[in-house]
Amino acid sequence: MTFTRDAFARTRSEGRAALVGYLPAGFPDVAGSIEALKLMVDAGCDIIEIGLPYSDPVMDGPTIQAAALQALQGGVRTADVLRTVEAVAATGTPTLVMTYWNPVERHGVERFAQGLLDAGGAGLITPDLTPDSGAEWIAAADARGLDKVFLVAPSSTEDRLAMTTAASRGFVYATAVMGVTGVRASTSDLAGPLVSRTRAVLGAAASDLPIGVGLGVSNGTQAAEVAGYADAVIVGSAFVRTLLDAGADAAAGLAALRALTEDLANGVRRG
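Anchor point for the sequence shown: position 141 equals 448 in our numbering, and the numbering is continuous, going up by one each time.
It should be emphasised that the hints constitute simulated quantities derived from the structure, not laboratory data. All residues carry an ideal CB built from backbone N, CA and C; glycine is no exception. Mixed in with the good hints there might be a few duds.
Here are the in silico distance ranges between beta carbons for each label pair [what the hints assert, rightly or not]:
# : residue 1 : residue 2 : range
1 : Ala566    : Arg317    : 33 to 39 Å
2 : Ala446    : Asp349    : 34 to 40 Å
3 : Arg467    : Asp349    : 21 to 27 Å
4 : Asp556    : Ala442    : 44 to 50 Å
5 : Pro500    : Gly382    : 40 to 46 Å
6 : Arg413    : Ala373    : 39 to 45 Å
7 : Leu379    : Glu342    : 16 to 22 Å
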């Protein structure tokens, strides 16, 4: 396992934010997702999120829903997700799984946590699981030193910010758009205030937990803006859209994916 904290130590020493890139496992197929994710690492992603495709992705926008559906129709299973984690983690890049809670619960929390550890995964991002309802996962993660990445939002109260950041390990995910995921033409004016509020809570707790921001970033200019106030810029839908737009032309999709990753990586360095 390569720890998320090591990636943040490196990016902080370089005076910049980290670039976190997301793709679902099994999209466009298992081998294709592994190739694409390794390319994203090579082109500048510091941390990788691998999505576990799920049939009821209530927090995902149409772009990620389309990719997840393609993966599910291709027969992707949890074992394929863990195999993808293993392949990407072997690059030395911290690799987390982004998943709704139901697939983990159905697989078995202890079994999933151990499988993730054995694959070299750094931890889980759980968008629909909150710390006050996640005792089983917290215990399993703590027993293995896995990251627990919980989400905060503009609607989070100060008490909930405190609870969520106290329970998180690796980083806390600030979702700064009220709504489903997706590429946006401009960054949200809710992001900066959310990060400031979260930093105030962390400061009061003497914590240096990094804050990653996800809000539909799609280009280097937007990445630079977010990198000016966040510890990590999280990009998902833009990567997925690039491969969806390429269709069956895998070579064109990978070339476009590399160009996008390099643009975003340059953006976080400018920020």
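Consistency of the hints with the structure:
no.	hint	verdict
1	Ala566 to Arg317: 33 to 39 Å	violated (24 Å)
2	Ala446 to Asp349: 34 to 40 Å	holds (36 Å)
3	Arg467 to Asp349: 21 to 27 Å	violated (38 Å)
4	Asp556 to Ala442: 44 to 50 Å	holds (47 Å)
5	Pro500 to Gly382: 40 to 46 Å	holds (43 Å)
6	Arg413 to Ala373: 39 to 45 Å	violated (23 Å)
7	Leu379 to Glu342: 16 to 22 Å	holds (20 Å)
Hints 1, 3, 6 from the list above are not met by this structure, while the remaining hints are.
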